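*Asks:* Going down the list, the sequences are from chains A and B.
Heads up, the first sequence is in the numbering used here, so the first residue is 1 and it goes up one at a time.
Heads up, the second sequence is in the numbering used here, so the first residue is 1 and it goes up one at a time.
For the record, the hints were derived by calculation from the structure and aren't laboratory data.
Misleading hints may appear alongside valid ones.
What the hints assert, rightly or not - Which residues of chain B face chain A? A partial, calculated answer using Cβ under 8 Å:
(1) Ser8
(2) Leu14
(3) Glu22
(4) Ala32
(5) Val35
Claimed, not checked - No more than 27 Å apart at the CA atoms, straight line, and that leaves these computed lysine-lysine pairs for DSSO-like:
(6) Lys377(A) x Lys398(A)
(7) Lys276(A) x Lys75(A)
(8) Lys348(A) x Lys383(A)
(9) Lys48(B) x Lys16(B)
(10) Lys48(B) x Lys280(A)
(11) Lys119(A) x Lys75(A)
(12) Lys3(A) x Lys42(A)
(13) Lys38(A) x Lys48(B)
(14) Lys42(A) x Lys52(A)
(15) Lys398(A) x Lys358(A)
(16) Lys34(B) x Lys48(B)
(17) Lys377(A) x Lys48(B)
(18) Lys348(A) x Lys337(A)
(19) Lys39(B) x Lys218(A)
(20) Lys182(A) x Lys220(A)
(21) Lys34(B) x Lys300(A)
(22) Lys48(B) x Lys300(A)
(23) Lys37(A) x Lys119(A)
(24) Lys182(A) x Lys48(B)
(25) Lys38(A) x Lys119(A)
(26) Lys182(A) x Lys280(A)
(27) Lys220(A) x Lys34(B)
(28) Lys55(A) x Lys119(A)
(29) Lys348(A) x Lys327(A)
No experiment lies behind these values; they were computed from the predicted model shown.
Here a beta-carbon is modelled for each residue, glycine too, at the ideal position from N, C-alpha and C.
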Amino acid sequence: MPKPMRLSILVNEIQETLENRFEGEDFWVTAEITDVKKYSNKRWCFLKFIEKEGKAIITEIKGVFWGGTYYQVEKFEQQTRQPFSSGLEITCLVRVRFHQRYGLTLEVLEIDFTYALGKLEMDRQAVLARLLQENTESIQLIDGQYATRNNSLPLSMVIQHVALITAPGSDGQRDFLQEIEKNRYGYGFLVSEYLVQIQGDRSSELIMQQLQHIQSGKEKFDVVVIVRGGGSQTDFKPFDDYELSKYVASFPIPILTGIGHDRNTSIVDMMARPNKTPTKVATYIVDHNFSFEQEVIALKDRFFSRIQEIMQSETQNFYTLKESIAKIIITYLQNRKSNIEAIERLVKNLSPLSILSKGFAIVTMDDQIITDPGKIKKQSALKTILKSTIIHTTVTEKTPYENQPDL
Amino acid sequence: MKTNLTYSTAFDTLEKIVAQMESDEIQVDELAEKVRQAKELIAFCENKLRMVEKEVEKAISEK
Numbered sequence: 001m002p003k004p005m006r007l008s009i010l011v012n013e014i015q016e017t018l019e020n021r022f023e024g025e026d027f028w029v030t031a032e033i034t035d036v037k038k039y040s041n042k043r044w045c046f047l048k049f050i051e052k053e054g055k056a057i058i059t060e061i062k063g064v065f066w067g068g069t070y071y072q073v074e075k076f077e078q079q080t081r082q083p084f085s086s087g088l089e090i091t092c093l094v095r096v097r098f099h100q101r102y103g104l105t106l107e108v109l110e111i112d113f114t115y116a117l118g119k120l121e122m123d124r125q126a127v128l129a130r131l132l133q134e135n136t137e138s139i140q141l142i143d144g145q146y147a148t149r150n151n152s153l154p155l156s157m158v159i160q161h162v163a164l165i166t167a168p169g170s171d172g173q174r175d176f177l178q179e180i181e182k183n184r185y186g187y188g189f190l191v192s193e194y195l196v197q198i199q200g201d202r203s204s205e206l207i208m209q210q211l212q213h214i215q216s217g218k219e220k221f222d223v224v225v226i227v228r229g230g231g232s233q234t235d236f237k238p239f240d241d242y243e244l245s246k247y248v249a250s251f252p253i254p255i256l257t258g259i260g261h262d263r264n265t266s267i268v269d270m271m272a273r274p275n276k277t278p279t280k281v282a283t284y285i286v287d288h289n290f291s292f293e294q295e296v297i298a299l300k301d302r303f304f305s306r307i308q309e310i311m312q313s314e315t316q317n318f319y320t321l322k323e324s325i326a327k328i329i330i331t332y333l334q335n336r337k338s339n340i341e342a343i344e345r346l347v348k349n350l351s352p353l354s355i356l357s358k359g360f361a362i363v364t365m366d367d368q369i370i371t372d373p374g375k376i377k378k379q380s381a382l383k384t385i386l387k388s389t390i391i392h393t394t395v396t397e398k399t400p401y402e403n404q405p406d407l
Numbered sequence: 001m002k003t004n005l006t007y008s009t010a011f012d013t014l015e016k017i018v019a020q021m022e023s024d025e026i027q028v029d030e031l032a033e034k035v036r037q038a039k040e041l042i043a044f045c046e047n048k049l050r051m052v053e054k055e056v057e058k059a060i061s062e063k
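Excised from the complex, chain A in its bound form (with noise of 0.2 Å):
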């Protein structure tokens, strides 16, 4: 057996070999990372890479951003609106690096965001492709967009009682809060909060815990919504996820989003009516609930005019009645008038001066007109008034006669 070497003296002639070999050269690696350790304030992050088949790893290499490449995973995030973290594939270019200390390292220089939102968008159409092939039911595609049993819902005339899934102390519940509340129409609104860690892989399972609370509480929404402040460190990944995806679909409440963020939907607003922030999701509510106001004016409106048009209508009515009355009361008076006058001159021809110019005479006794002869006796004194003169008489004889005389 040789003498043993000093390990120092091996390990070097390693790191020689190595340089030797792929000292000056970058490579394009694709591969899945796993194991990431983000390490934000030293602006370090570690990783591993590696290679499956099936389910067994069958190559696995330690990965690192240094502080001048440590943007790039800033860069990732922002881009593929998703935490830069276990599971995903990527596509870098790496140099290879060997310590003495920490062993063989690629070190990252820049990840392909080409491939990496190409790897995005490719994950969403699979599960977008799923949800529709698995849930004919409650997905459709109907000119390209998505009529879920969810987005059909009817909403309330007015929405007024909201069920609020959200981080706590996140932008996106402070945004919808004050939109809502401070609204200008000064409509009352009544939001219960559920609130939920909208971080991390198991965020959209809790989401769906919260939704499942919702459906089986006493209470009774009109609306549920779930929003999400913006910022950078958004995670949108867990609206994408397939099974939260399905729940939101064939919720039997409506449900409005508000995930912020304006470059592409999530699959959870595609199952749901999406609005692009917070705020707008508020709203559209107080617009739904003016709309409903509005509609109640114009009736008020129409009923009220309508009012005056009959109340119109009758005055006129009833002036025109009062008219033709106070016809029929002239026409009346004017006959009566008439009437009268006849009857005034039927008098006038039946007064005691008509009669004595027309040669009669009125006889009277001790002052009183004689209507009974009987009361006549001889000696009687009369007097006979003829037109303008009286005459004095003493009965002299008194003949009652039977037969008319001949006058």
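Dock chain B against chain A, hints included.
*Replies:* Coordinates of chain B only, in the frame set by chain A:
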């Protein structure tokens, strides 16, 4: 006012009253009653939208 009144029943009733009035199905004698009813329905919607009732209840319970 009926306590279990909802927006949709209030709205439907109001719509019906207006339609009846516009098609002259309402007698003049019924007008006053209809005005009372319509005003009540409108007030219900307006108050409920702003949760006036709730505030009143709250104010009472705070005393």
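*Asks:* For every hint, state whether the structure bears it out.
*Replies:* Comparing the hints with the structure gives:
1. Ser8: holds, 5 Å
2. Leu14: holds, 5 Å
3. Glu22: holds, 6 Å
4. Ala32: Given a least distance of 10 Å, the restraint on Ala32(B) is violated.
5. Val35: Because about 6 Å separates Val35(B) from the closest Cβ in chain A, which is inside the 8 Å limit, the hint holds.
6. Lys377(A) x Lys398(A): holds, 8 Å
7. Lys276(A) x Lys75(A): Distance ~22 Å between Lys276(A) and Lys75(A) Cα, so the pair holds.
8. Lys348(A) x Lys383(A): holds, 24 Å
9. Lys48(B) x Lys16(B): Roughly 20 Å between the alpha carbons, so the hint for Lys48(B) and Lys16(B) holds.
10. Lys48(B) x Lys280(A): Satisfied, since the Cα-Cα distance of roughly 23 Å is no more than 27 Å.
11. Lys119(A) x Lys75(A): At roughly 16 Å apart (the allowed maximum being 27 Å), Lys75(A) and Lys119(A) satisfy the hint.
12. Lys3(A) x Lys42(A): Outside the cut-off at roughly 44 Å; violated.
13. Lys38(A) x Lys48(B): The hint is violated at about 52 Å.
14. Lys42(A) x Lys52(A): violated, 31 Å
15. Lys398(A) x Lys358(A): holds, 25 Å
16. Lys34(B) x Lys48(B): holds, 21 Å
17. Lys377(A) x Lys48(B): Violated, at roughly 109 Å.
18. Lys348(A) x Lys337(A): Given that 27 Å is the threshold and the Cα spacing comes to 16 Å, the pair holds.
19. Lys39(B) x Lys218(A): violated, 33 Å
20. Lys182(A) x Lys220(A): Given that 27 Å is the threshold and the Cα spacing comes to 23 Å, the pair holds.
21. Lys34(B) x Lys300(A): At roughly 12 Å apart (the allowed maximum being 27 Å), Lys300(A) and Lys34(B) satisfy the hint.
22. Lys48(B) x Lys300(A): holds, 16 Å
23. Lys37(A) x Lys119(A): Satisfied, since the Cα-Cα distance of roughly 22 Å is no more than 27 Å.
24. Lys182(A) x Lys48(B): holds, 17 Å
25. Lys38(A) x Lys119(A): holds, 22 Å
26. Lys182(A) x Lys280(A): Roughly 14 Å separates the two Cα atoms, so the pair holds.
27. Lys220(A) x Lys34(B): Not OK: Lys220(A) and Lys34(B) at ~33 Å, beyond 27 Å, violated.
28. Lys55(A) x Lys119(A): Within the cut-off at roughly 20 Å; holds.
29. Lys348(A) x Lys327(A): violated, 32 Å
Hint violations for this structure: numbers 4, 12, 13, 14, 17, 19, 27 and 29, all remaining hints satisfied.
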